[in-house]
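Protein chains in written order, with the numbering used here: chain A, 1 to 207; chain B, 208 to 781.
Among these hints, one or two may not hold up.
To give an idea of the interface, some chain B residues facing chain A are shown, with a C-beta separation under 10 Å as derived from the structure [what the hints assert, rightly or not]:
no., residue
1, VAL387
2, LEU390
3, LEU418
4, SER422
5, ALA425
6, HIS434
7, SER448
8, PHE458
9, THR588
10, VAL591
11, TRP633
A partial selection of chain B residues facing chain A, derived with a Cβ cut-off under 10 Å [as the list claims (entries may be wrong)]:
no., residue
12, LEU327
13, ILE330
14, ALA382
15, ILE383
16, ILE386
17, PRO421
18, THR432
19, LEU436
20, GLY437
21, GLY447
22, ASN451
23, PHE459
24, VAL637
25, ARG697
Now the in silico label distances, taken between C-beta atoms and shown as ranges [unchecked claim]:
no., chain 1, residue 1, chain 2, residue 2, range
26, A, SER129, B, LEU340, 38 to 46 Å
27, A, ARG60, B, VAL249, 51 to 59 Å
28, B, LEU539, A, ALA84, 33 to 41 Å
29, A, GLY90, B, ALA746, 56 to 64 Å
Hints in this document: simulated from the structure, not taken from any laboratory.
All residues carry an ideal CB built from backbone N, CA and C; glycine is no exception.
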Amino acid sequence: MTASEQVASGAAGPDPELLDRQAVRSASGAVTGMVLFVASEGVFFAAFLGIYAVSYAAVRVWPPAGITGPSLVLPTIGVLVLLASGGVIGQAMRLARRPEYHRGVTLWLAAGLAGAVIFGVLLAVGYASIPFGVGQGIYESLFYVITGLELAHVVGGAALLAVVVARASSGELALRRDPVQAAAIYWYFVVGLGVVIYAILYLGAIR
Amino acid sequence: MTTTDVLAKPAAPRPRSARVLDWLTTTDHKKIGIMYIVNSLVFFAFAGTLAMLLRTQLMQPGNNVLSPQSFNEAFTIHGTVMIFLVILPLLSGFGNYFVPLQIGALDMAFPRVNAASFWLLPIGGLTIVAGYLTKGGAAAAGWTNYVPLSLQGGTGEDLWILGLLIVGTSSLLGAINFIVTVLRLRAPGMSMTRVPIFTWATVTTSILIVLAVPSLTAGLVMLLTDHHLGTVFFDPSHGGSIANYLNTFWFFGHPEVYMLIMGAWGVVSEIIPVFSGKPLYGYRIVILALMLIMALSFTVWGHHMYTTGIVDDSFFSVTTELISVPTGLLVLAWLFTLWKGKLRFEPPMLFALGMIAMFVIGGIDGVWMASPAADFAVHDTYFVVSHIHYVLLGGSLFGIFAGLYYWFPKMTGRLLDRKLGIWQFWLLIVSFNVTFFPMHFLGLMGMPRRVATYPVSSGWGMLNLIETISAYVIALSMLVGLANIIITLRRPRTAPADPWGGNSLEWATMSPPPAHNFDMLPEIRSERPVRDLRIALSAAKAAGSGPPGAPAAPGAPGELAAGSEGAAGPEAGQ
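Bound conformation, chain B alone (with noise of 0.2 Å):
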């Protein structure tokens, strides 16, 4: 038996009881962070549902499972919990597991608020959720919540609000803790230009919460005082405007769209070094990409609004364009990371492969309603329920997956089942680009989104029928994952501490690492500290001046790979 092992074991076995109050009232980031994960993946398989739901009846034109009233009901609460209880949330469970150790920290700056922000988590979405229990349904007027629309909503609606303002606390308080955590708690050695890709995703994405959310919050406000007290924010009759929470709304709305997809981003550039045996190409360009994202995001959101006649169109086009330049440099940072690489297509690697081609074509769809004539044709179609999901889907979601496959080791100590892993991947990037490419057709041929039906006539049936089958088997593929996670869960921890030959700090502790963090640090001098380490251990090696006996340097198969790349690394210039 290993020290590994006598550590991961406890001492002696406590009572359940015990160990279940302990996770009820925990404030170690890697519990809340697996909290997180393990909520938002229950969200996840009940907004999934709704979805299957909402393809089952557009089957076939003319269809009856859902009533126009339940397909609203289902769109809106598929859509909400998604966004706000599915993607956000398992990106924040990364961050909340990943970030500490990827500075070298012990802890979150405030544990008790990283506790408090996940425990918000299930009661806002179960507010959210608790709609379908009251009288008149759940919210039905889609994620954006249009008024006049949703001011005619029931109680569902005004749960809805709640459970996002509760939801948005979360967020909010989490945001904060994650970049005072970085700010202030970093290892010595790390600066910020050493700092990993993914916490710096996980920064960019914070400081878009702390600025973007108070927006929808004060959108969500008027929304109830319009509704419950008489005010008239968006009564044009009394002098208030719809355009009024058009802007708040979509203030917010659009840098939650880069919440949603930076963290995936961040994932990615982890994984596309290490499985290429290459340094990310550009790291530093990868930051200041990151960083004009982020300020971009606070300049376009009035591309959501071409239609209205309310907004300046040309302006929005050019500040919607630009944002594709800074994103144009994160795909080609990743390409040339790939060029030349030695690729090891292990099931993180795939899914990370599969996010950047999904996300790529998401983002050509974005750039071309990014000009006002073609979104003028598009607008409300299925060619934006395609976009949407080709960047939420295929790009936040494939990054998380490919998130999950990767760091699964070092949450639980158990390798995900390799052969599982690359099922899941071919059926889901299969079944995905058939259930949503097509959508892009639909769309052009007229097809509306938020619409309960179709009639035969319209021809759209054929499309929609191979749609609804596919999406059956992306299913499927949840599910080979889920029994992935279910079978991996039952074998024994035989994770070493760093199965892939990784590059950040999380890699240089056992899989799963003690409360405590770390024993000790290795010393940081690059944005490779475990490369670093790895290259000292086998020059030693070499040399013959390693202690006899002395354990295997971590992550036999990423040896190869870090020896095979010389000392001509990017290190050297800095």
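Same shape as in the complex, but just chain A (with noise of 0.2 Å):
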């Protein structure tokens, strides 16, 4: 077929080996989506630390004074588990990415899930105990707004991890792959954003 006729006939249906690439290229745009997204959320984060900075920098005495910081039982027991479940993702996805599927990748993602889960409730329960209301001053409010946007990205985390465990008893990740990776991209935002938040947040507010 000559150029002029690639371009005016009308052979109908497309090139099969377009509708391969499509198919192949598109398995791995979920991981660049999923590094995109992540970045953004970053930038929201980003955004609170930056005014806790701010607020930090405008003032002598950090917590503002008045303040008791919150326990740091709970909090420091949680962000353990959180990086332990972080590293038992590395660990799904590292057995996810061997030439031939392997079936501990389910057990390691419902591991890590469990993680993410208790995690979660750790933070929620801790709530109960904090010495200080939401309207109280710019550290009262930074911490539970940012604990809470923390806690709902814990719960999407959960969702997420959950849904690849879905799909990884199911078998169906013996074919993809690119679902744990994405998965396991957004778990290890959750895990760095876990530990940078009780660094500041929790550590930082120790006279």
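Taking the hints as your guide, dock the two standalone chains into a single complex.
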């Protein structure tokens, strides 16, 4: 077929080669898409942390006078669980990358999901013992809004991991590994976020 | 009947309900692109009507057409809708339709996410507009929605915030989709340095959206929590600060300005070479300029806050002056492309040239106001209103109209009427300048923006009267454009695959393209594959080796231009 016929003729149906290429490449698109999404989430939290930094720089005493910081017991256990869940999800991703499908992927993913749920529960339970209210000052407002958004992201991450666990246990991930990768990237973000928030909002509030 | 006609019509006529359902549930990037455009045009009519009300109110001193409260609501909703629901989604609509075509892909990377991004738009838009149905009226704190004024708003204000959160989600999903599509789905041979400038501009716009919109989202979340949950982010008496809002808003707000204009630059960068019969001057420099502007746009947000005393004016003044350098490169690239070209003054070209001229005026205003001394004088006056309209109407919307005239035949198979197009252009460019240029003078005379009326003694009455009359001519030009679209859509589909002699891949398929976009792709060896194909075809024809009875090369009008360029094109060096 000459070039002119390529353009003007109307042979119906797409080129099968094009279809193949689309299928192969859109598989890795999920991972790229997740990286971009996480970048955008990073800016979202950076906005709050930026306000934290500006407020911190504006006063001599931090947290502002008269505030007792939150208790450290539950958050410390929580952040350790969170780090462990990150390691567990990393192991799931390593297994998923093997050329032959490894049945352990499902188990490791489920363990990571359990870690996510435990961390979320600890975070939520921790609110009961916070010694300050949301409207008392800028530290308190930042504390509640940032940890609240963190909790929302943990819930979202747990939902994502649950979907991947379900798909893994159906055997579907033997064919496609990018859902595991995409979920792992998101979960790494949540883990990193949890550590930063622990360092700034909890450890940073120790006088 | 040619094969094109057979494909253009469905094999058997389907019932209307099935076709409607088709549109409601489609994941085809072309249909979604058209829905983006139609949705934006509806919102455009609405926000344009508000603009007419505003101008009617300002027609003479002490006028009483709108109460101060409805005036505030009208300019707030006008600005918000024009920015978030007209200009940005119109460019996304073109992006949806043409980015996959320009890179030789079958669809976007995530077609279902794409449908979701579209459907969030009318939902978010209607949420914002629904403020008009509430007791306290719509949001009335301006599109920048500054605290503490906005914290005193009622339900309309909350709807504004929720609507923008929805629209922001739509933009974010769409932007991720565009970036992944361009990174992952380019056809063989389509390296990043052969990707058309419009697609490049869509990518840089999308990167801005991914990295800037979340800052707005954070600001909106804080507005909601301050208003309803008792947080004190913006309350100075509890350690909060107004600056927290200004910074989060403008860290988004200035890149936003570039989100609104980059796509229009992309459209103009497609049109100028085609109607000059020349390659785009400095294709790679244009890409570099887009990337520089993208990066620099994150460093200039403080220039909106010169008069607040909370930013380092000299720093932001320098970065703002700096961003005019790559912007100047773009303008020079367009001018050098025009230089000694065989210019064809079709409607797309007219609008593209108009865009360059108007954008340069708006841009020079911007360079001017980058100087804090000048900005202190004209801050919050009509000078700024003039500037933003030169950039957003004269820049973005002229670019969008250029794109509409350029791509309409590809999207619908019908060429928009040339005479009506030329009428619309001249009506618009004259009335646009008569409306918005005198605002410079009003600003320098001290007329404040966002104030419902002015006294007779101010002496601003005559200029305002002229502007209002001229604004009605702008509305008339829009009606001419609308009539053009309606008349054209009733005509038969006669547009050839390549009516203009185009360069990029969207012209290598039928008008409108089949659902799967391409039956076959031409080889891609430069950033102008369709022109390469055209030259190869005419060379083959001249050598007499063409197949007997082969159909003519696409784009007969472009053949002359292409042939006259000879072999000494820029590709020779690549």
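Verification of the hints:
1. Contact between VAL387(B) and chain A, as hinted, is supported at the beta carbon level, the nearest pair being about 5 Å apart and thus within 10 Å.
2. Taking 10 Å as the C-beta cut-off, the interface hint given for LEU390(B) holds, the closest approach to chain A being about 6 Å.
3. Checking LEU418(B) against chain A: minimum C-beta separation of about 5 Å stays under 10 Å; hint holds.
4. Interface hint status for SER422(B): upheld, as the beta-carbon distance to the closest one in chain A is roughly 5 Å, under 10 Å.
5. This hint holds: ALA425(B) has a C-beta 4 Å from the nearest C-beta of chain A, less than the 10 Å allowed.
6. Interface hint at HIS434(B): violated, since its Cβ lies 12 Å from the closest Cβ of chain A, which is beyond the 10 Å cut-off.
7. The beta carbon of SER448(B) comes within 7 Å of a beta carbon in chain A, closer than 10 Å, and the hint placing it at the interface holds.
8. Interface hint status for PHE458(B): upheld, as the beta-carbon distance to the closest one in chain A is roughly 7 Å, under 10 Å.
9. Interface restraint check: THR588(B) against chain A, minimum CB-CB distance 30 Å, threshold 10 Å, status violated.
10. The closest approach between the C-beta of VAL591(B) and any C-beta of chain A is roughly 26 Å, which is over the 10 Å cut-off, so the hint fails.
11. Interface hint status for TRP633(B): violated, as the beta-carbon distance to the closest one in chain A is roughly 35 Å, over 10 Å.
12. A distance limit of 10 Å between C-beta atoms decides the matter here; for LEU327(B) the minimum to chain A is near 15 Å, and the interface restraint is violated.
13. Given the 10 Å rule on beta carbons, the hint for ILE330(B) is violated: about 20 Å separates it from the nearest Cβ of chain A.
14. The interface hint given for ALA382(B) holds, since its Cβ lies 8 Å from the closest Cβ of chain A, which is under the 10 Å cut-off.
15. Below 10 Å, beta-carbon pairs count as interface contacts, and ILE383(B) has one with chain A at about 5 Å; its hint therefore holds.
16. Interface hint at ILE386(B): satisfied, since its Cβ lies 6 Å from the closest Cβ of chain A, which is below the 10 Å cut-off.
17. Given hint, PRO421(B) at the interface with chain A, holds; its Cβ is 4 Å from that chain's nearest Cβ, closer than 10 Å.
18. The criterion of a C-beta within 10 Å of any C-beta in chain A is met by THR432(B), whose closest approach is roughly 6 Å, and the hint holds.
19. This hint holds: LEU436(B) has a C-beta 6 Å from the nearest C-beta of chain A, less than the 10 Å allowed.
20. The restraint placing GLY437(B) at the interface with chain A holds, with a minimum CB-CB distance near 4 Å, inside the 10 Å limit.
21. At a threshold of 10 Å, the smallest CB-CB gap from GLY447(B) to chain A is about 5 Å, leaving the interface hint in force.
22. Annotation: ASN451(B) was flagged as interfacial toward chain A, and the flag holds, the nearest CB pair being 5 Å apart, inside 10 Å.
23. A cut of 10 Å between beta carbons decides the hint on PHE459(B): the least distance to chain A is about 9 Å, and the hint holds.
24. Taken as an interface hint, VAL637(B) does not check out: its beta carbon lies about 40 Å from the nearest beta carbon of chain A, beyond 10 Å.
25. Interface hint at ARG697(B): violated, since its Cβ lies 25 Å from the closest Cβ of chain A, which is beyond the 10 Å cut-off.
26. Range check, SER129(A) to LEU340(B): about 44 Å between beta-carbon atoms, so the 38 to 46 Å window is met.
27. Separated by about 55 Å at the C-beta atoms, ARG60(A) and VAL249(B) satisfy the suggested range of 51 to 59 Å.
28. Taking the beta carbon of each, LEU539(B) and ALA84(A) are about 57 Å apart, not inside 33 to 41 Å as hinted.
29. Take GLY90(A) and ALA746(B): their Cβ atoms lie about 57 Å apart, and the range 56 to 64 Å holds.
Going down the numbered hints, you'll see the structure goes against 6, 9, 10, 11, 12, 13, 24, 25, 28, while the others check out.
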